Amino acid sequence: MAGPRQLKKDSKSESKTTTASSITKDFAEAFNLSIDSYFKQVNSNNKLKLIDIFAFFLVLIALIQFVFVCLIRDNFPFNAFLAGFIICVGQFILLMCLRMQLLSPFEGISTNRAFGEFVLASLLLHFICLHFIN
Amino acid sequence: MSTAVVKNRESSSTTIQWVQSILKTAIFVSIIFASVSSRLFAVIRFESIIHEFDPWFNFRATKYLVENSFNDFLNWFDDRTWYPLGRVTGGTLYPGLMTTSGLVWHIFKDYLGLPIDIRNICVMFAPAFSGITAYATYKLTCEIKDESAGLLAAAFIGIVPGYISRSVAGSYDNEAIAITLLMVTFMFWIKAMKYGSILNGCLAALFYFYMVSAWGGYVFITNLIPFHVFCLILMGRYNPKIYVAYNTWFVIGTIASMQIPFVGFLPIKSNDHMSALGVFGLLQIVALGNFVKGKVSSGKFKIIMVVSMITLIAVGVLGLFALTYMGLIAPWTGRFYSLWDTSYAKIHIPIIASVSEHQPVTWPAFFFDTQFLIWLFPAGVLLLFLELRDEHVFIIAYSVLCSYFAGVMIRLMLTLTPVICIAAAVALSKIFDIYLDFSSIFFNDGKDKKVEPRKKVLSLITKLFVSATFIFYLYLFVYHCTWVTQTAYSSPSVVLPSQGPDGRPALIDDYREAYYWLRMNTKEDAKVAAWWDYGYQIGGMADRTTLVDNNTWNNTHIALIGKAMASPEEISYKVLKELDVDYVLIIFGGVLGFGGDDINKFLWMIRISQGIWPDEISERNFFTSNGEYKVDSSATETMKKSLLYKMSYKDFPELFGGRGEGMDRVRHQTIRSEDVEALDYFEEAFTSENWLVRIYKLRDLDDEGRNFRDVGKFNRLSEKFLRKRSLNKKPAIDMLI
Amino acid sequence: MRLGNQISVILALLSVWFSVVTAAVQESLLQEAQKNSNKVITLTNENYQNVLGGPRDSYILALLTSTAPEVNCVTCIELESEYKTIANSWFADHPDGVSGSKSLYFAKANIETTQFILDVFTVLGIEQVPRLLLFSPGGDIKDFELLDIPLASGMERVFSIITAVKSQTGINDYFIHEPIDWSSFFITGFTTFAVIFLLRKNQKIAVSFLTSRITWALISVAFIILMLGGSMFNKMRGQPLAGQGKNGEIVYFLAGDFQNQFAIETQVIVVLYGILTSVVVFLVLAVPKISSYYSNSARRTTVVALAAISSTIILYMFFSALTGIFKIKSASYPFTLMKLTSFFS
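Sequence lines, in order, name chains A, B and C.
Counting in UniProt numbering, the first sequence runs from 1 upward without gaps.
Counting in UniProt numbering, the second sequence runs from 1 upward without gaps.
Counting in UniProt numbering, the third sequence runs from 1 upward without gaps.
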């Protein structure tokens, strides 16, 4: 009975390809959905726009530093590079934390307090990184 | 009427608050008083002196710090140790301890107008900080359960022997401040995680930096906090507070910890720190996933998440392996690898395996250090599983990990003790919550059911019975802790207590006698060769240049000293003369019966030097043909000719009356004067009262250019001759001048 | 001159013959070694003179041992497999036993029954077993050095012996190859396979089991109690299960020694800690549950009283047992609790 057996085989391979293509389709769909809702969220709130632009700028600077080190193939003095790189990473992280606290404030922490703590932490980070540059 | 009732209730609640705060203050004062005073046994019995070996180095470094500026201290190149190599001390120590003492000394002297000697500050440092540890533990346990558990935990950690063992007055070691900072860092971490505040994360990172500057065991925090976050993610408990807390701590903590010269770039180059970096990356992905989750349906989201997680984890692990293989990231250091593969150190790094602090732990050691807390601790962990808030996961992860490490290495028992106190306090306070709660007996809880007085009395008796038993256990705990502290952990080990022949307590102060002799009777730049155990003490008490000390960073240099001790006189003299040595110091316990002397450590000297010069020194030549380690007449020629043997037993057989035979009370063997050959290249400079410390001076070259042997032979001949002559000559007492 | 020429010819022939003989001896050593599967030459009364006699061209490590039951030499029995590992490690890297200009072979003489003492023992004057003898090149049968046999068994002993051989012979490229334990490999593989199979069959039960809080609670607490009982010490030091007293009775606790313990002590202590922990948890969790279960009954207070008081008494009993055991280990401990019953001794 070659017929039904063959059919089964076909459906199995079909289902394999369908799962692969369905995953990519889902992925693309999810990607587009999240991008759209992200832009909607940012455009509605000026503070978030400011934070995200600053964060993007920091990523750019970190990338430039990293590419520069790769191009000249030398990372001496290493602590200077590290200080520059980590300050970008650190400031980015702090911005993300502030963003989360602004979007849905945690209990006991008002938005003003969140901003104040953010400023303090950034000052600390800058102080340490400046010390590290030597 | 009702407002009056409400007002009454309000005023009574404020009174209750007042009473509570007064009680809390009183309790804290007594806890601090108890913790400080139970650490003072050694100071009261002996004197205010720095104990053991390592604290002497820390003390010397602190003295250098207060006499010179902070910049000089960070750039200190010590030329009075490891002569002639010197040691870059500024870059190879953890400066937190010395800096803190220096700061305290400075505050006392300049701002409070109370100049205290730096030695007293160093001695009293650990007890003072134990009070701060108690407060930090209180705050931490308040976050875990509530204030009553916090007070119990503070009381426990104030007097528990496991912590006292490394923080008595006089034990001026890194652990004195490290445990305090550990508790403070954890307190701020738990607070940051609970409230999601950036400020608490910053404070946690700052105290983490302080901890990195103080102790090498900071790697424990570096791995415990990421492990905690990882467990929470696995349990599906991710929330933005965790993101805020961990990332703030990680970024600021890492960059701050790289400021310490000794740590340098280790946080991004060594495998020990990779888990923190890994969890950092993981958290970013999880946050992103969380963001996307809100926008997309859950079914599709799950598939995407799983696929991307798997790919990213695979990439991360492969990348880590590749980087380690290429040598960009250092693999696990041997010290930490041996914690996982317990037989690794025995085979490949025997020096690590031989250190007594790295031995595994027997069960009496656990009970000895914690008494009844040891069975309350698992009960507390089990009870924490009921509520399982995020901070409880931290305590559980801490307990499980630390129990394993403490079981493997006795030195890590110290890091287990705080969590034992916290978990046991939680368990005990839950018991007291139920059985010390007499409110249902004395007040009607509104159910309107009239309970018979007989029943009330019965429940009262039950509750009293249980609480009284546990209060009795607490009472016994205090006695146990005090007894353990005074018998086991209060010995300075520089001064040895002993008993005179009539049973009166006597003190054996030979070490200090010898070091002080060195300090007073030798020139300032004299170089003293001794085995590395005593290096720090010689540097600290005698203030003389040493060749090797407890830092043991240069194995070849140590092997040189070992070779000098194990070779015959002529070779030793040459070796030591090349190193500019003036004095040789050895420890000899044969008269006292002190088992930790140099003849007992001789095998290690031989082994280490044999590793570098196998053709000159062979361990088998020191064993008899039966394979025994003998020092009496059946000892091998190599043994009898070795410098250490001659130095230890010089004039020893003559001590015991004219028979010329002495009994070595450690090895229980008889040494005859024929076995001890003459020492020609060295002369005896000093022997302490109980013959514990013996100092020898290298002889200067002979004025007439003779060989030392010939000089010695000549002197011995003429001694015999002179003695006979002088025996014949009797002083004429009644001669008139 | 003719004499000089003749002498030089004779000398040349002699040296050629000498090198042929020694090469032949070396070749024959290799052949002897390859007779056995593990390349250890078995010394018999017939071949020991040839193998060990001079002049030698290579190093020979000889193990003189006895597995006879009446000799009862425990180290000899341990060395049987360890010596194979030592020889195999060498031959794994050097199949013909040669490394540079030096060569190393292994020999073993085993007295299997004390009726037949092998000649090699009497000739070399060996009266105690086991003995490791290192024969260096040149010299005759009585030129050997005794190597120490360390006390620790297993890979540690293998490592020390190889290090000693390396330092005595000057051969540096001698590495340990730990034998692969095939049996444990198969057992692990099989159990993993079986576990995964069972898990997939009963997936729902397995998942609920793994995610339940109680499972993890019990696992963590059991692990903690096991560690606190000193089980890592037993594992790392290979402690015996129990000791033997003077009259042959079983000693459960190693008295007076703080730094040492038997494996059975860990088991007793783990049980003790488990009981104490469970009683505490009972007091905290179960008693209020009982109280609320009986909340409308008249017997409530009596039942609660019974439960609480009896658990406290049990707690006291076991805690006094614990302190009593501790007093056995540390004789000067003054804070033992008075025992309620006398059959905890």
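I should point out that these hints are in silico values taken from the structure, not numbers from a laboratory.
Be careful, since some hints might not be right.
[Said to hold, decoys possible] Computed cross-link-like contacts, DSBU-like style, restricted to lysine-lysine with a CA-CA straight-line distance of at most 35 angstroms:
| no. | chain 1 | residue 1 | chain 2 | residue 2 |
| --- | --- | --- | --- | --- |
| 1 | B | 293 | C | 327 |
| 2 | C | 102 | B | 463 |
| 3 | B | 527 | B | 463 |
| 4 | B | 463 | A | 49 |
| 5 | C | 166 | B | 577 |
| 6 | B | 269 | C | 235 |
| 7 | C | 327 | B | 601 |
| 8 | C | 235 | A | 25 |
| 9 | C | 204 | B | 630 |
| 10 | B | 194 | A | 49 |
| 11 | A | 47 | B | 577 |
| 12 | A | 40 | B | 640 |
All figures in this text were calculated on a predicted structure; none of them were measured in a lab.
Taking the hints in turn, this is what the structure says about them:
1. Only pairs whose Cα atoms come within 35 angstroms are accepted, and residue 293 (chain B) paired with residue 327 (chain C) is rejected, the gap being roughly 61 angstroms.
2. In summary, the hint linking residue 102 (chain C) to residue 463 (chain B) is not supported, as the alpha carbons are separated by about 83 angstroms, beyond the 35 angstroms threshold.
3. About 70 angstroms separates the Cα atoms of residue 527 (chain B) and residue 463 (chain B), which puts this hinted pair outside 35 angstroms; it is violated.
4. Proposed proximity of residue 463 (chain B) and residue 49 (chain A) is contradicted: the alpha carbons are some 62 angstroms apart, above 35 angstroms.
5. A C-alpha spacing of about 32 angstroms is found between residue 166 (chain C) and residue 577 (chain B), which places the hinted pair at or below 35 angstroms, so the restraint holds.
6. For the given pair, residue 269 (chain B) sits about 33 angstroms from residue 235 (chain C) by alpha-carbon distance, which is consistent with the 35 angstroms threshold.
7. Restraint check for residue 327 (chain C) and residue 601 (chain B): the C-alpha separation of about 32 angstroms stays at or below 35 angstroms, so the hint holds.
8. Proposed proximity of residue 235 (chain C) and residue 25 (chain A) is contradicted: the alpha carbons are some 54 angstroms apart, above 35 angstroms.
9. With a CA separation close to 69 angstroms, the supplied pair residue 204 (chain C) and residue 630 (chain B) exceeds the 35 angstroms bound.
10. For a cut-off of 35 angstroms, the pair hint linking residue 194 (chain B) to residue 49 (chain A) stands: about 28 angstroms separates their Cα positions.
11. Straight-line distance between C-alpha atoms of residue 47 (chain A) and residue 577 (chain B) comes to about 75 angstroms, which puts the hinted pair past the 35 angstroms bound.
12. Straight-line distance between C-alpha atoms of residue 40 (chain A) and residue 640 (chain B) comes to about 91 angstroms, which puts the hinted pair past the 35 angstroms bound.
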